[in-house]
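Asks: Letter by letter, the chains look like this.
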Amino acid sequence: MGWSLRNLGETPKTTTPKGKFSQPPPPGKEIVIVLGFDASYPPFTYINERGEAEGFDIDVMKWIAKKYGWRLVFKPWDWSTIVTALENGDIDVIASGMTITPERASRKIWFSIPYYSYIHEIVVRADDNRSLEEILNSDQPIAVQIGSTAEKWADKLLKKGYRFRKLCLGSYVEALEALLDGRAVGYITDSAFLNPHLSKNPELKTKIKVLATLGAPESYGIATRPEDVWLREKINEALSELMNSPEWNELLRKWHLE
Amino acid sequence: MNLMTFSKYLPYIFEGSLWSLGLVLGGLGIGFAIGVTFSLIQVYGNPLLKRLISLYVWFFRGTPLIVQLFLFHWSIFPALGIKSTALTTSITVLGLRSGAYQSQIFRGAIGSIEETQMLAARALGMSNWDAISSIILPQALRIAIPQISNEYSIILKDSAICFILGVMELMTRAKYAAIATGIALIPYLIAGLIYLVLTYIGTMFFNLIYLKMRIPDSMEG
Amino acid sequence: MSDEIVLRVKDLCKRYGDKAVLRGVSFEVERGEVKVIMGPSGTGKTTLLKCIDMLVKPDSGKIWLEDLELTDPRTDVSEARRKIGFVFQEFNLFHHLTAIKNVMIGLTKVKKLPKDEARAIAERSLLKVHIDRELWDRYPAQLSGGQKQRVAIARALAMEPTIMLYDEPTSALDPQLTREVLEVIKELAEDEMTSLIVTHEVNFASEVADEIMIMMDGRIVERGDPRSIIYDPRREETRRFFNKIVKIGDELR
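Protein chains in written order, with my numbering: chain A, -17 to 240; chain B, 114 to 334; chain C, 71 to 323.
It should be emphasised that the hints constitute simulated quantities derived from the structure, not laboratory data. Please note that a few of the clues may not be correct.
With a Cα cut of at most 30 Å, we get these calculated BS3-like pairs of lysine-lysine [unchecked claim]: (1) A:K189 <-> A:K44; (2) A:K216 <-> B:K196; (3) C:K127 <-> B:K163; (4) A:K148 <-> A:K90; (5) A:K90 <-> A:K134; (6) B:K163 <-> C:K256; (7) A:K44 <-> B:K121; (8) B:K196 <-> A:K90; (9) B:K121 <-> A:K148.
Produce the entire structure from the sequences given, and follow the hints as far as they go.
Replies: Below is the structure:
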């Protein structure tokens, strides 16, 4: 079999993702990379008013694609199924503020070299004078984005015996809102999201404060299928080059990430 | 980011309603074809086919839409070697699902028609097939219109779930606009309003069809 | 009245469960003849008519329509039914079609005639049963009982059947409307339309029938010309039957 159902210029997914990019493709053939991203994570990935993908990660991938002459197709995808999409060939690459964790790597996705680091933080309202211990044992809601590493931190803390209620929301922004309007007393996020967000919304700096950092600094990586060896090599090469060039700082400044 | 910036997202959000509508109409259409066919088999067909259709209906009515979307997109279609986009899978699954529900709607409608209509048709010398197609079905379809209108509303609401496969319909776009602009309430309000309008237009349309086509049951006709 | 036999029924039997409804019915109908079947309710009269039209399959016995044996499994019964016009007690007009469309549908679907030809025949048929033009585009629900039944007769008539079967055509109608329908049936009968009629209307039967058959307990117990059957029946049951129904203030001419 193998008949395809195309529609409205959407890219059909592959039926045999095994080895799509494990070897260099034959010369002369146009290379199309489908980039999956969660459009709820500014400044790394989001959608502009024209419906186009924008963000730090998007610019990084665009740079890499430009270097090699690849054509990029941008596919917004729901975070909860984005890895399945990668495994099944709906997308070829995930560049979406995705933290490199051993657990994710064991889920059959392999990462590029790290391209950005951040640290997890727990944030409370500026006028809340309770200590970290008090907040964590308050039996009240602490907001996180569902499926994110922030949520994993919340789970870790709950396992350690702290008593609070985990409040899962659809995005970092929504979780922050929950803290601001009082639905939650705490908010676990990471500096990667928070710093640029505060740069763009300085009035928030008076409303919230970082209570503590959680754990060690983490890094983002670009995710690929394990067998796509060639693709990963190429991405790593390009990333190294980009990160060592002056364009890198420009990029960081553009997105308030320095 | 403020309302000015947000207003620029309106075309993007509105475009999502076209996709939502596409999902709904596609699903409703496929569901209609399946529903009528299966209902006829359930009323007039042989026992084996009836059994198979019962299983089909039981499966599609008994499992959540989201499970069906995953199953088809990531298990069934790849196993059959079918390349399908998120949109096509979504419409297909919505259609198969609606077919299960519509088959019961039409089955009920056909059942509500007295036996004697069939008897009179046969007495004229009509074959079973002619009797079904020119006497039973035309009446059943008219009777079923209000329920199909309801089915339209249901599929419209179900269509939002298809974002899970990456279909950029209305709900998803509202969400992304909300996040990008940092304004939570308004995009969702607008999306909600658009759903209401789409529901309203749809039911109005079916109402009109119903009024035009209904079988008069009294002098006021 | 010619001697040609249009309908022959021989030893027809039918049971429903353990109840024997027809226990060996036999008779013949000649071309142009009007036969009336009367008898107490529940004696299988409706079943008899339905068996003749093969709407119900008899358990045993044979039925011939002219040269065609209807009970032969090789016979295409749908074909045969075109030649038998059936008028139901409950009219059974098609709800979703106007009066004229009701009459046309047999012509277009079964006889496969072109629309304008079907229309012309339908119009003639409707006029014959005194249904005027202004009623033609009405739906069944917008017609009176008497009008509905006349449209039903027109529908059967339009097919130009060899024989008309009437199953208690006026039982569902009140007395005023009954009259107009019986008038129509009478006109058709006088027009040499071969007819087999099941009815309770004694007056009407006496005016229109060439022969009356009395059915009781699934059998024809007596048959003869109207005057003798009604006034001087041979069997006691027949006499009692007529006494009962005549008591309802019928005046026989």
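Asks: Of all the hints numbered above, which does this structure not satisfy? Sort the numbers upward.
Replies: 1, 6 and 9
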